[in-house]
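Quick note: the sequence shown, position 45, residue 45 per full-length UniProt numbering, numbers continuous.
Hints are not guaranteed to be accurate.
As the list claims (entries may be wrong) - Label pairs and their computed distance ranges (CB to CB): (1) 7 with 45: 55 to 63 Å; (2) 4 with 44: 37 to 45 Å; (3) 5 with 38: 46 to 54 Å; (4) 25 with 4: 25 to 33 Å; (5) 39 with 4: 29 to 37 Å; (6) 34 with 10: 35 to 43 Å; (7) 10 with 48: 54 to 62 Å; (8) 12 with 41: 39 to 47 Å; (9) 30 with 5: 53 to 61 Å; (10) 47 with 24: 29 to 37 Å; (11) 42 with 20: 32 to 40 Å.
What the hints contain is simulated information worked out from the structure, not anything from laboratory work. Source: prediction; values computed, not measured. Each residue gets a CB set at the ideal place from its N, CA and C atoms; glycine is no exception.
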Amino acid sequence: MLKTARKCVFAAIISSNASLARFKGETSIMAETANAGNRHKNIWMRLAVP
Numbered sequence: 001m002l003k004t005a006r007k008c009v010f011a012a013i014i015s016s017n018a019s020l021a022r023f024k025g026e027t028s029i030m031a032e033t034a035n036a037g038n039r040h041k042n043i044w045m046r047l048a049v050p
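Construct all of the structure, not just a fragment, from the sequences and the given hints.
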């Protein structure tokens, strides 16, 4: 009984860490794409203005 409970807790910790890491990864990817989009916009603005 105790061993299975311990296994469950361990699995829960691992899965929560994995989802946290995934969440952090996704947010950083979103931030990167936003930055890239802004940089693109700035380049286009510079090209448009003579």
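So, going through the hints one by one against the coordinates:
1. 7 with 45: 55 to 63 Å: With a Cβ separation near 57 Å, residue 7 and residue 45 satisfy 55 to 63 Å, so the hint holds.
2. 4 with 44: 37 to 45 Å: At roughly 59 Å between Cβ atoms, residue 44 and residue 4 fall outside 37 to 45 Å, so the hint is violated.
3. 5 with 38: 46 to 54 Å: For residue 38 against residue 5, whose Cβ atoms are near 50 Å apart, the range 46 to 54 Å holds.
4. 25 with 4: 25 to 33 Å: 31 Å, holds
5. 39 with 4: 29 to 37 Å: For residue 4 against residue 39, whose Cβ atoms are near 52 Å apart, the range 29 to 37 Å is violated.
6. 34 with 10: 35 to 43 Å: 37 Å, holds
7. 10 with 48: 54 to 62 Å: Since residue 10 and residue 48 have Cβ atoms about 57 Å apart, the given range 54 to 62 Å holds.
8. 12 with 41: 39 to 47 Å: 43 Å, holds
9. 30 with 5: 53 to 61 Å: Since residue 30 and residue 5 have Cβ atoms about 37 Å apart, the given range 53 to 61 Å is violated.
10. 47 with 24: 29 to 37 Å: The hinted range 29 to 37 Å holds for residue 47 and residue 24, with Cβ atoms some 35 Å apart.
11. 42 with 20: 32 to 40 Å: Given about 33 Å between the Cβ atoms, the range holds.
Going down the numbered hints, you'll see the structure goes against 2, 5, 9, while the others check out.
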